[in-house]
Amino acid sequence: MLKTSLIILVLFIIAFGGFVVYDLATAKKRKVVYRFKSSLTAYLMLLPAVILAFVFIMLPILYSLGYAFTDYYLLRPNNINIVYFQNFKDFFEELSTKGTLYNAIKNTITFVVGVVPLQIGLALLLALFVNRAGIGSKIFKVCFFAPVVISLSVTAFLWEQILAPGPNGLLNSILGIFNVPPRDWLRDPKTAMPCIIVLSAWQGCGYQMLIFLSGLSNIRKDLYEAAALDGANWWRKFWLVTWVGLRSTFVYILITVFIGACRILTQPMLMTGYMDHTVTLSYYMYNKGYTERWVGYSSAVALLMTIFIGGITFIQRRIFREKK
Amino acid sequence: MDKRLAKELPNFRPNKTPVKKTVKEVIYHIVGVILSLIFLFPIVYMLATSTKSETAYAESVGTLKMFLPDFANMSTAFANYKSVLLDYDIWKYALNSFIYAAIVIVLNVLINGLAGYVMAKLRFPGKGLLSFLIIFLIVVPVETSIIPLYSIVKIMLGLKQQMSVVGVILPAAISIFNVFLFTQFFQNIPKEYEEAARIDGANTLDIFTKVIMPLSKPIIATVAVFCFIGVWNDYLWPSMILPSADDGTWPLLPIQTALITIKSIEGITTGEIMASLVITSIPIFVIYVAAQKYIVQGFGTAGLKM
Amino acid sequence: MKKLLVSILSIMLVCVMAFGFTACGDNPGGGDTPGGTPPAVDAEGNTIVKIMFHVDKSSTEGQAYQKRLNAFNAAYKDRNIKAQGVFKARSAGASGYETELLNNQLEGTLADIITFDAPNTAAYAKSGLLYDISGLIPASEQEKFYSLNKYNGGLYGLPIQESSAGFFYNKKIFRNAGIDVSAFTAENPWNFAQFKDVCSRLKSFGKIPVDMRIDATKDETAPYLLYPFIYAAGGEFTSTDGYTATGYYNSSATVKGFQFIKDLISAGYTSYAIGPTDFFTEKVGMYLSSGWTIPDLDNKYRDNFASRDDWGLLPYPKDVVAASATGSWSYAITNNHHTDKTAIVELLNWMTSAESSKAITDATGMIPARKDVVTNYAVGSPEYTLLKQLEVSGRERPVTVAYPTFSLTFNQVIAGLGTNEVSSLLNSATNTLQAEMDRLKKLN
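Chains as they are written, first to last, in my numbering: chain A, 1 to 324; chain B, 1001 to 1306; chain C, 2001 to 2444.
For reference, chain A alone in the conformation it holds in the complex:
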């Protein structure tokens, strides 16, 4: 392992060196001046972060992505063979059977499409709600953030009780007052994913609320006054001042929530277990890698996921990038 890591380190240094040379060679063309002393200081100041990031973040990720081309089975760490693209072939074969993997992709897309607008919308509404002076709004701000810090196993257990099947389940008994027949929320393929979407949005939106709040704090107050003088109603004020002012915050939140949503794992794991109607791609990957021990195959799924998420993120950045 040490040997491999050293090889990777050397390659990394070569790659970095290549970039340095490239930058220096094109410096004139780009009209950039590099100063030797300043560059040296920069490297020295970066060194601790680069060393730690290399050892504890890059290496593990490269190893796990490298496993994608091997037949690594968890119980045989001494017997790893390169199988080239076999795992990727298996992936597409598995996909064509329309089994668990197909469902996992379908559910992940459902989840992303559902949770991204819901969570961002909720966060924005909450931010607008508490964005005012007064002790009340300060307390509310703390309350809305609470689910972010509470252990997910507690909240998952509670939601399970709320969504319990049969007429005595909490939600069912409340809906029963309005003559809605009881449902088995988490076992019914129609309602399970929506429930998980609502739970996740509820659990996570406090964090994005904070970021929206910080975006709101950057909007100058006189813009609202100017809009009011022009006779703008609240909607036009929101659209012309707030929304425009929040644009870059929104893009940031959109991208981070999207990345987080693509990786959804814990909620279905705690709420339903490994079932076809709620399994997600991350859960599939986790299960293949740890429970069923196919580390190689699971890494191949991770690699494909990275390419996919990276690609979409790149497109999002392209679309929403502010024109300068």
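Watch out, some of these pointers could steer you wrong.
Unchecked claim - Take a look, some chain B residues computed to stay more than 12 Å from chain C by CB distance:
| no. | residue |
| --- | --- |
| 1 | Lys1020 |
| 2 | Val1023 |
| 3 | Ile1027 |
| 4 | Leu1047 |
| 5 | Ile1241 |
| 6 | Ile1260 |
| 7 | Ile1268 |
| 8 | Phe1285 |
| 9 | Ile1287 |
What the hints assert, rightly or not - Listed next, the in silico DSS-like pairs over lysine-lysine satisfying Cα-Cα at most 30 Å (straight line):
| no. | chain 1 | residue 1 | chain 2 | residue 2 |
| --- | --- | --- | --- | --- |
| 10 | B | Lys1121 | A | Lys29 |
| 11 | C | Lys2341 | B | Lys1263 |
| 12 | B | Lys1065 | A | Lys138 |
| 13 | C | Lys2441 | A | Lys190 |
| 14 | C | Lys2077 | C | Lys2256 |
| 15 | B | Lys1191 | A | Lys28 |
| 16 | C | Lys2358 | C | Lys2067 |
| 17 | C | Lys2057 | B | Lys1065 |
| 18 | B | Lys1024 | A | Lys237 |
| 19 | C | Lys2196 | B | Lys1160 |
| 20 | B | Lys1121 | A | Lys37 |
| 21 | C | Lys2218 | A | Lys106 |
| 22 | B | Lys1127 | A | Lys28 |
| 23 | B | Lys1160 | A | Lys3 |
| 24 | B | Lys1191 | A | Lys221 |
| 25 | C | Lys2067 | B | Lys1263 |
| 26 | B | Lys1127 | A | Lys37 |
| 27 | A | Lys98 | C | Lys2067 |
| 28 | B | Lys1217 | A | Lys138 |
| 29 | A | Lys89 | C | Lys2144 |
| 30 | C | Lys2207 | B | Lys1065 |
| 31 | C | Lys2144 | C | Lys2077 |
| 32 | B | Lys1127 | A | Lys3 |
| 33 | A | Lys138 | B | Lys1121 |
| 34 | B | Lys1210 | A | Lys37 |
| 35 | A | Lys190 | C | Lys2358 |
| 36 | A | Lys138 | B | Lys1263 |
| 37 | C | Lys2067 | B | Lys1160 |
| 38 | C | Lys2057 | B | Lys1092 |
In case anyone wonders, no lab produced these hints; they're calculated from the structure. Positions of the beta carbon are idealized from the N, C-alpha and C atoms, including for glycine.
Guided by the hints, dock chains B and C onto chain A, whose structure is given.
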């Protein structure tokens, strides 16, 4: 009297009457309280359950009584908290977590702050590669990398027994996301501050410690709070690499692993488990409430752009 | 310019990864060569035998192990053998203990004796992690255990303790409803029809008849508690070598076993809606659970269950045959042991002796793994029922390398019983399991 004024300024609207304003305030707060309850119910549940005996708890599950404390039997509540605090040595583990968190926060701010500063303010060849790597590493899923990380810490670095504490702290000291946060924050600090210091003859490191850091309290507070929450809530990694508690010696494990051990103790009641959860949630809340203002400022000044 | 940058970077990354995995194969420790490492000897000349446990040292169970190790060290002082315990709680999730185990194997520092969960026998044995001890433990000694961890004709582990499950029932409800179940004992269990009859009488008495735990499909709970029903109906899950599911998992007898559970749901005798505490608050007549519910009922729910007059334990019902749940953690000798196995076998024998077995089960409240442990359970007591049932009808979960997949598909079948036909559920489960088995068969 306002009629004349209204004619002159067509868009001027007289102030709403005080009564109307009070009604609006009341409605605002009622809505706020209802919303808060929707977000607070896990905590209400934890608090309520921590006062109950096992039978009282069993009877409340699945009904709205889940969220009401057992007022009839307050002695149970005291017994639950007492047994958690005295019988299970929970404070030792809490102290460990505080120490780990403190070290991680200091290292995290220094290391990632320096990197963020360089990325935001300095020009050097090879910067493009690093900028790309930062975004790349934020995007890749890390779920599968815990097995190689374990091998690196245990086999390659050989961090075992007492030394494995280092293996808990160092991986937590680097966070690509925090580098990104710092970079964004520092980009918005006007150049003039640095230039003034440079004229006074300060070198780059001086500028970082004496000019930039004091201006960066909001982002430092933000990073510190999220580091704290991260360390305080982490259990999988520490329990994988730290040695299990030994007789007579001080345990090395952090608070969450203690919670898991407590949960698996034979004969423990749900009330006691919830009491331990309440106790361990308090520090997070205190710290979050104290630092909340800075977090909003920190994100605000960073102006987060992907 | 930017495009060029990105493409150069991607090529670099691919190169790095390529080198990464070519070198992944290099093998730092000689972990898989038995007998390679000489016996560890300390400064005083003692042979050190390392044993690794899956529990925290400060837990009740951990303390019991440590006490037995201390006693061993005192007894073997003259023979210069010293046992050293390593404790690694498995509370770190499914992978924590296993990751430690595998990394130790990779480093070549794996303990001589380890503990492992019985369903892993096949996978661990096949991967060369465990040593076949059939030659080291005489047949007369093997006979003394209720169950053994066998795979492919070899013996790979001896159980630490045993577990079994049964139907806890509320005696007060049964008395009031006029239901007499005293005739159903572990030696002479009830049958499927009698089980349904009791359910129907409980239902007409106005109680939910039975909590079959069909909602516990997120972990090993449902598979562990429910698999005996399929064996009882004459069904099977896999072939004996563990590599064929088709024709077993979807056989008509297996369908019959699952159909029995589905019938209970259809008749309203059990449901997914039963809450986790409903039995303890006397809403449910019977509760399928493992032996660990005994201390809970004895201590935690005094308000509803004042004494053992208020609750009892019934065995699994039988159909074609009687079958009941077994299986717990076991000891195994690893393939990383020293050339000289004597010391290791001494420790293994010590830890699995009747004396150790008793000391450990006294601490954990579980059932001893050995038949020759003297127990003083009163005839008809819950512990007695569990022990007798184990002796008469205990049968382990299917022994297959693909056990994790079996467990997942079993959960999916149970979760789907409410709305789907048994045969279609089993056909898709069989396909999944068979595909996994075929994949594992190729791995050599």
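So, going through the hints one by one against the coordinates:
1. Lys1020: The assertion about Lys1020(B) holds, with a minimum of 48 Å to chain C.
2. Val1023: holds, 43 Å
3. Ile1027: Since the minimum Cβ distance to chain C is about 38 Å, Ile1027(B) lies beyond 12 Å and the statement holds.
4. Leu1047: The claim stands: Leu1047(B) keeps its Cβ more than 12 Å from every Cβ of chain C (closest is about 19 Å).
5. Ile1241: Not fine: 9 Å to the nearest Cβ puts Ile1241(B) too close to chain C.
6. Ile1260: The claim breaks: Ile1260(B) does not keep its Cβ more than 12 Å from every Cβ of chain C (closest is about 5 Å).
7. Ile1268: The claim breaks: Ile1268(B) does not keep its Cβ more than 12 Å from every Cβ of chain C (closest is about 9 Å).
8. Phe1285: holds, 25 Å
9. Ile1287: holds, 26 Å
10. Lys1121(B) to Lys29(A): holds, 22 Å
11. Lys2341(C) to Lys1263(B): violated, 38 Å
12. Lys1065(B) to Lys138(A): holds, 29 Å
13. Lys2441(C) to Lys190(A): Violated, because 37 Å separates the two Cα atoms, which is more than 30 Å.
14. Lys2077(C) to Lys2256(C): violated, 58 Å
15. Lys1191(B) to Lys28(A): Cα-Cα ~24 Å, so holds.
16. Lys2358(C) to Lys2067(C): OK: Lys2358(C) and Lys2067(C) at ~13 Å, within 30 Å.
17. Lys2057(C) to Lys1065(B): violated, 38 Å
18. Lys1024(B) to Lys237(A): holds, 20 Å
19. Lys2196(C) to Lys1160(B): Measuring from Cα to Cα gives roughly 57 Å; hence the hint is violated.
20. Lys1121(B) to Lys37(A): holds, 14 Å
21. Lys2218(C) to Lys106(A): OK: Lys2218(C) and Lys106(A) at ~21 Å, within 30 Å.
22. Lys1127(B) to Lys28(A): Given pair Lys1127(B), Lys28(A) holds - Cα atoms ~16 Å apart, limit 30 Å.
23. Lys1160(B) to Lys3(A): holds, 20 Å
24. Lys1191(B) to Lys221(A): holds, 26 Å
25. Lys2067(C) to Lys1263(B): holds, 23 Å
26. Lys1127(B) to Lys37(A): holds, 15 Å
27. Lys98(A) to Lys2067(C): violated, 54 Å
28. Lys1217(B) to Lys138(A): holds, 21 Å
29. Lys89(A) to Lys2144(C): violated, 50 Å
30. Lys2207(C) to Lys1065(B): At roughly 22 Å apart (the allowed maximum being 30 Å), Lys1065(B) and Lys2207(C) satisfy the hint.
31. Lys2144(C) to Lys2077(C): It holds: about 28 Å lies between the C-alpha atoms, which stays within 30 Å.
32. Lys1127(B) to Lys3(A): holds, 28 Å
33. Lys138(A) to Lys1121(B): violated, 35 Å
34. Lys1210(B) to Lys37(A): Roughly 20 Å separates the two Cα atoms, so the pair holds.
35. Lys190(A) to Lys2358(C): violated, 52 Å
36. Lys138(A) to Lys1263(B): Since the Cα atoms of Lys138(A) and Lys1263(B) sit roughly 35 Å apart, the hinted pair is violated (cutoff 30 Å).
37. Lys2067(C) to Lys1160(B): Given that 30 Å is the threshold and the Cα spacing comes to 25 Å, the pair holds.
38. Lys2057(C) to Lys1092(B): Answer holds: Lys2057(C) to Lys1092(B) is near 16 Å, not above 30 Å.
In summary, the numbered hints that this structure violates are 5, 6, 7, 11, 13, 14, 17, 19, 27, 29, 33, 35, 36.
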